[in-house]
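Please arrange chain B on chain A, whose structure you already have, making use of the hints.
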Amino acid sequence: MEAEQIEIATFLAQYAPFDAMPEEVVAEVATSIEISYYRAGTDIFAYGDEIHDLAILRSGAVELFRRNGTLYNRISEGDIFGQMGLLMNNRVRMPAKAIEDTLIYFIPEAMFNRLFDDFEHFADFVEVEDRTRLRQAVSSHNEANDLTTSKVKKLIIRDPVMISSTDSVQHAAQVMSQETVSSILVMGDEPDPDTGFKPVLGIITDRDLRNRVLAEGLPYETPVQEIMSPQLITLDHNAYIFEAMLTILRSNLHHVPVLQHGKPIGVVALSDIARYESQNSLFLVASIFRQQSVDDLVILSQQVKDCFVRMVNEDANSHMIGSALSVIGRSFKQRLLELAEEELGEPPVPYCFLAMGSMARDEQLIVTDQDNAIILDDSYEHSEHNAYFEALSKRVSDGLNACGYTYCTGNIMATNPEWRKTLKEWEQCFADWIDNPSPRSLLDSNIFFDLDGVHGRTNWAEQLKAFIGRRARRNNRFLAAMARNALNRTPPLGFFKDFVMEQDGRHNNSINLKRRGTAPLADLIRVHSLAIDSRSQNSFERLDDIIESGILPKGRGPDLRDAMEFISMVRIRHQALDIEAGREPDNNIEPENLSDFERRNLKDAFQILSNAQKFLKFRYQPNRS
Amino acid sequence: MLHFDLRKKEDADHVDWRAMLETKRETVQHETLQAFYQQGWVSPDTSVSQVSFVALDFETTGLDSQQDAIVSIGLVPFTLNRIRCQHAQHWIVNPNRPLAESSIVIHGITHSDIVNAPDFSHVIEPLLSALAGSVVVVHYRRIEREFLDRAFKQRLGEGIIFPMVDTMELEARKHRSGKRSFMDWIARRPPESIRLADSRHRYHLPFYQSHHALTDAMATAELLQAQIAHDFSPDTPISELWR
Chain A
1 MEAEQIEIAT FLAQYAPFDA MPEEVVAEVA TSIEISYYRA GTDIFAYGDE
51 IHDLAILRSG AVELFRRNGT LYNRISEGDI FGQMGLLMNN RVRMPAKAIE
101 DTLIYFIPEA MFNRLFDDFE HFADFVEVED RTRLRQAVSS HNEANDLTTS
151 KVKKLIIRDP VMISSTDSVQ HAAQVMSQET VSSILVMGDE PDPDTGFKPV
201 LGIITDRDLR NRVLAEGLPY ETPVQEIMSP QLITLDHNAY IFEAMLTILR
251 SNLHHVPVLQ HGKPIGVVAL SDIARYESQN SLFLVASIFR QQSVDDLVIL
301 SQQVKDCFVR MVNEDANSHM IGSALSVIGR SFKQRLLELA EEELGEPPVP
351 YCFLAMGSMA RDEQLIVTDQ DNAIILDDSY EHSEHNAYFE ALSKRVSDGL
401 NACGYTYCTG NIMATNPEWR KTLKEWEQCF ADWIDNPSPR SLLDSNIFFD
451 LDGVHGRTNW AEQLKAFIGR RARRNNRFLA AMARNALNRT PPLGFFKDFV
501 MEQDGRHNNS INLKRRGTAP LADLIRVHSL AIDSRSQNSF ERLDDIIESG
551 ILPKGRGPDL RDAMEFISMV RIRHQALDIE AGREPDNNIE PENLSDFERR
601 NLKDAFQILS NAQKFLKFRY QPNRS
Chain B
1 MLHFDLRKKE DADHVDWRAM LETKRETVQH ETLQAFYQQG WVSPDTSVSQ
51 VSFVALDFET TGLDSQQDAI VSIGLVPFTL NRIRCQHAQH WIVNPNRPLA
101 ESSIVIHGIT HSDIVNAPDF SHVIEPLLSA LAGSVVVVHY RRIEREFLDR
151 AFKQRLGEGI IFPMVDTMEL EARKHRSGKR SFMDWIARRP PESIRLADSR
201 HRYHLPFYQS HHALTDAMAT AELLQAQIAH DFSPDTPISE LWR
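Line by line, the protein sequences are chains A and B.
Residue numbers 1 to 625, in the UniProt record's numbering, belong to the letters of the first sequence in order.
Residue numbers 1 to 243, in the UniProt record's numbering, belong to the letters of the second sequence in order.
Here chain A stands alone, though its shape is the one from the complex:
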């Protein structure tokens, strides 16, 4: 019996990824195919529908849409679509519509899975294809918005709609329908003494009006305060979309207010986020929270490297990669803490688990150790509660180590009782460092000046940051000591002839790009940012604030940004190459492995760092007023 579908097989063989497959496989694919005709104007896939086939456009034309309804792509003969839905959870992610009379060949899921497993280039094609397009879409979006589209503030399309807590529910409904919004923020009347703005007391959504007003038969005059959700969960405008996504998913909210310096600047809804999902790192982060044991997390952590390499290959910039890896690292920490709490029971007193250093700066890369600490509630009693936090810290620290975040060599970890303090003690500790600074005392504690709350009472971390900011700003002795520390690590600039190599014996012919490049850059940027009381933590964002404050000579800020980006990317690419070659990634590069282009640009970048260090020395001399 001759059963090959000649027409279909011949067609498939003309287009990637089938053009590179053995003839007999293509013939087999052809026999598995199902066909359907769509008249112009009809929907092929609707968002969220179940999907169990890969679609190939045989003839006609199809448009794919983002969830918000904007056109994503128009595809033509031989193009495939639907793979994202198949790869994710069998739900359509991009609605598709026939814009001409269209004939679609469908490859059933079972065959798709077989091809995916058996043919690496097929797997790459269906994965990369979508990402390439996604990247194109993102980068065209980026052109107008620079590189920080991954911030939640970019999702905000309108000012928040607000009413007073004493207004009636009817008034709320009227305002909501006038403004065509599905949620409204309920504001207090008295400004918050800290921020100077009226505080957000809660939120009301369409659903609340239905469930809590109409269903309950409450009178129209009921004050909104009585039916609102007291909304304690908010996002900072600097939060990443990943974080917004997690917050929304994990707390089962659909609308989260976004605050800038305590003032609401908008509301982000789940639907706003869906279109910004970055599938890989998001996927990983979501899986982290599904793992039920440390062992499972350890297995999952193998994927961090793959995720990193993919991002590098997708030309993500260092800021995106650093923040994605930081979110991943933070998620591991959070899940480990949740698991530890499940095992050890509820914490006896509230606490806040802190991330420090690169993770707090959203600059984590693949070779990284763990720096962490704990803020304890002021009611903490050492004799009663210490055992719990010792055990908790140990579990987290061991878990992180097993997941590839090695123990901190400087012992800056929550397992060290010295770094478990109450908020009061932490403030005292920072006050000490700031008021009585010596380069010596600050040398080891430098790392604490980048901190971030990752679990528990994370607002304590914000309080502590605010405390540090107020205290450090314009404190010249402290800034001078910090500046002196920032000059400890110099760029490898003996090199008008060539690079100067590390002399540590182990990497004799190499330069440690972290120690001689990104770290001193991050250090000097931190000093400037402390001087202007910038609350940003990321080096690039700090630079934005620094440039805005005008403390640097013209042009120096952008130069620093370029230098940071370039050195970071050389370091990142080097690590990705190591991983792809099966080597243990590190921060050391051998100049002979660099291209002329990289070498020339690295020298320029180090020169910029060196000049910036000279300026730092001048700017924060201890005897300057």
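In short, the hints are calculated from the structure, not lab data.
Here a beta-carbon is modelled for each residue, glycine too, at the ideal position from N, C-alpha and C.
Certain hints may be false.
Residues on chain A that point at chain B, a partial pick, calculated with CB under 7 Å [as the list claims (entries may be wrong)]:
1) 5
2) 33
3) 35
4) 218
5) 220
Stretch by stretch, here's where chain A covers chain B in the computed footprint (C-beta under 8 Å, at least three residues) [stated by the list, open to error]:
6) 35-41
7) 82-93
8) 199-207
9) 225-237
Below, chain B alone, put in the same frame as chain A:
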């Protein structure tokens, strides 16, 4: 398919298929046919979205069912939503007569292909079981209906008939109804072709190399999906289509 000038008016009178099939079920003698007619038929008022179809195509040695015979059979089951290639079937059968050079050129099946091919009697069972429970769809019903009937008469001593959807007739209803206009006549505008490839072209279906029974069956299935999408609706009762 070699049959474009052969349209006759056989369709003018509508057959009462319910009665016809009932009679057949009671009167056929051969047990194979008895089994086929006893499997039951979809009721005439069933909407097309609920019907299982099977597209059928024959290649033949020529156009005269009295003298020529079937060389190959292709069939593809489908619904309004999906054509299932995975369950497509194709047989070459020995026509037991010499192949005309002209027909070889058309369907590409050669002497050597048919030498070892089985007689039609060997495919009766699998063919009927593939058709059972489905509504058969063809492009130009006369060929399949007459050749099938004749082949059954020769092997089992009894013929076979059942309702078929004819995609060519559906095109004819649209393009050949009524007289050609005076302007068409003046302009010497040719009537719309209702050949498979030309009909498909009107629905923007891709060009397929024709005269392979399987490809033609698939092409016919696609054409019916397109015709229903454009000219009917998923709720159209099947009795409006079959004849």
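Structure-based check of each hint:
{"no.": "1", "hint": "5", "result": "holds (5 Å)"}
{"no.": "2", "hint": "33", "result": "holds (5 Å)"}
{"no.": "3", "hint": "35", "result": "holds (4 Å)"}
{"no.": "4", "hint": "218", "result": "violated (45 Å)"}
{"no.": "5", "hint": "220", "result": "violated (46 Å)"}
{"no.": "6", "hint": "35-41", "result": "violated (count 0)"}
{"no.": "7", "hint": "82-93", "result": "holds (count 10)"}
{"no.": "8", "hint": "199-207", "result": "holds (count 4)"}
{"no.": "9", "hint": "225-237", "result": "holds (count 4)"}
Hints 4, 5 and 6 from the earlier list are contradicted by this structure; the remaining hints agree with it.
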